[in-house]
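Q: Sequence:
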Amino acid sequence: METMTINKKSMLLLNKLHLKRYKLLPLLKLFRKKNFPLKQAKK
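Everything in the sequence shown is counted per full-length UniProt numbering, starting at 1 for the first residue and increasing by one.
It is worth saying that the hints were derived from the structure and are not from the lab. Misleading hints may appear alongside valid ones.
As the list claims (entries may be wrong) - Once the Cα atoms are required to be at most 30 Å apart in a straight line, the calculated DSSO-like pairs of lysine-lysine come out as: (1) K9 - K20; (2) K8 - K20; (3) K33 - K23; (4) K9 - K33; (5) K8 - K33; (6) K20 - K34; (7) K29 - K16; (8) K23 - K34; (9) K20 - K33; (10) K9 - K23; (11) K33 - K16.
As the list claims (entries may be wrong) - Pairwise CB distance ranges (calculated): (12) T3 - K33: 26 to 36 Å; (13) M4 - K34: 43 to 53 Å; (14) M4 - K33: 29 to 39 Å; (15) K33 - L13: 42 to 52 Å; (16) K23 - T3: 27 to 37 Å; (17) K34 - T5: 22 to 32 Å; (18) K8 - L28: 21 to 31 Å; (19) T3 - K34: 43 to 53 Å; (20) L28 - I6: 41 to 51 Å.
C-beta: ideal position from N, C-alpha, C; glycine also.
Whole structure, please, built from the sequences with the hints as guidance.
A: Written out as structure tokens, the structure is:
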């Protein structure tokens, strides 16, 4: 029973991290495009 609760908690934490990552990724991409257009164009 204890392992189940630990797994559920860890899964919730992982889900929160994934949500944060997916929310931040587009912001990072926009940030990079605004600040480093030349570097993006070279690639």
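Q: Quickly compare the C-alpha distance for K8 and K20 to 30 Å and report which way the hint goes.
A: Distance of about 18 Å is within 30 Å: holds.
Q: Quick one: are L28 and I6 within 41 to 51 Å, going by C-beta?
A: violated (32 Å)
Q: Tell me if the beta carbons of M4 and K33 are separated by a distance inside 29 to 39 Å.
A: violated (44 Å)
Q: Within 30 Å, alpha carbon to alpha carbon, are K33 and K23?
A: holds (17 Å)
Q: Between the beta carbons of K8 and L28, is the distance compatible with 21 to 31 Å?
A: holds (30 Å)
Q: Just to be careful, I want the Cα atoms of K33 and K16 compared with a cutoff of 30 Å; is the pair within it?
A: With Cα atoms ~26 Å apart, K33 and K16 stay inside 30 Å; holds.
Q: In this structure, is the beta-carbon distance linking K23 and T3 contained in 27 to 37 Å?
A: The hint (27 to 37 Å, Cβ to Cβ) holds, given that K23 and T3 are roughly 30 Å apart.
Q: Taking 30 Å as the top limit, are the C-alpha atoms of K20 and K34 close enough?
A: holds (21 Å)
Q: For the pair supplied as a hint, K20 and K33, is the alpha-carbon distance within the 30 Å limit?
A: holds (20 Å)
Q: With the threshold set at 30 Å, check whether the alpha-carbon distance from K9 to K33 stays at or below it.
A: violated (36 Å)
Q: In this structure, is the beta-carbon distance linking K34 and T5 contained in 22 to 32 Å?
A: Once the Cβ atoms are compared, 44 Å apart, the range 22 to 32 Å for T5 and K34 is violated.
Q: Could one say that the CB atoms of T3 and K33 fall in the range 26 to 36 Å?
A: violated (45 Å)
The structure shown violates the earlier hints numbered 4, 5, 12, 14, 15, 17 and 20.
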